[in-house]
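K.L.:
Take a look at the letters that make up each chain.
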Amino acid sequence: AQTVTQSQPEMSVQEAETVTLSCTYDTSESNYYLFWYKQPPSRQMILVIRQEAYKQQNATENRFSVNFQKAAKSFSLKISDSQLGDTAMYFCAFMNRNTNAGKSTFGDGTTLTVKP
Amino acid sequence: KAGVTQTPRYLIKTRGQQVTLSCSPISGHRSVSWYQQTPGQGLQFLFEYFSETQRNKGNFPGRFSGRQFSNSRSEMNVSTLELGDSALYLCASSLDSNNSPLHFGNGTRLTVT
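Protein sequence lines correspond, in order, to chains A and B. Residue 43 in my numbering is what sits at position 43 of the first sequence, and the numbering runs on without skipping anything. Residue 29 in my numbering is what sits at position 29 of the second sequence, and the numbering runs on without skipping anything.
Calculated directly from the structure, the hints in this document are not laboratory data. One thing to keep in mind: the hints can contain errors.
Ranges of calculated distance between the beta carbons of each label pair, as one might list FRET restraints [what the hints assert, rightly or not]:
(1) S70/B - R43/A: 29 to 35 Å
(2) A2/B - Q8/A: 41 to 47 Å
(3) R67/B - Q2/A: 23 to 29 Å
In this text, all values refer to a predicted model and were calculated from it rather than measured experimentally. The C-beta atom is built at its ideal place from N, Cα and C for all residues, glycine as well.
Pulled out of the complex, with its shape left as it was, chain A reads as follows (with noise of 0.2 Å):
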């Protein structure tokens, strides 16, 4: 089974400068996708970016990206130039490859405010 870590339970940024969320996770997958996803007060969630596990690369969105260490099994989301409606509970999820979406599993959220 996996398991997903959002170790920040809450965090705060000034508007205009950048934070970084951590998630890491548990797996013996080797073949998985990785989400965020944002959850604005009162709200539907929405998908942030989202990162396949074979891809070096690291997933850019415009002022989102992602830091993925496979070997740590590490994930975490970097907000820059943070805006007043960046604020949001941020889900990290996982999604084994040879499954299906419907069965993602998630962190327990990090409650982002950004102050202005």
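Given the structure of chain A, go ahead and fit chain B onto it with the hints provided.
P.N.:
Below, chain B alone, put in the same frame as chain A:
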């Protein structure tokens, strides 16, 4: 394209009752999965349906059940409600390709009194 639609948004039930939650996936998505979100337990996988068949199941008691219809819409049923069932229930759909992410609905907030 319309997103994932969950109804109702809020429900208040009493212990012992049963409840049915509904989820309409994004058009073209055949996989529908359900998650329970609570402050103490985070997001816990309930089950996943594909082409009207339950394909994956989490570690929840048999009081939690679901089904999927031919149009991919899904329902989740909880019988003999307990106080601990109070949670946000999230439905998510996906294309079911190898790397397709989950698309979530707004959730149904269930309160059991």
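K.L.:
Take the hints in turn and mark each one as holding or not.
P.N.:
Hints, verified against the model:
Distance hint check for S70/B and R43/A: the Cβ-Cβ separation is about 31 Å, which falls inside the suggested range of 29 to 35 Å. With their beta carbons about 35 Å apart, A2/B and Q8/A fall outside the hinted range of 41 to 47 Å. The hinted window of 23 to 29 Å between R67/B and Q2/A holds, with their beta carbons roughly 27 Å apart.
Comparing the model with each earlier hint shows a violation of hint 2 alone; every other hint is respected.
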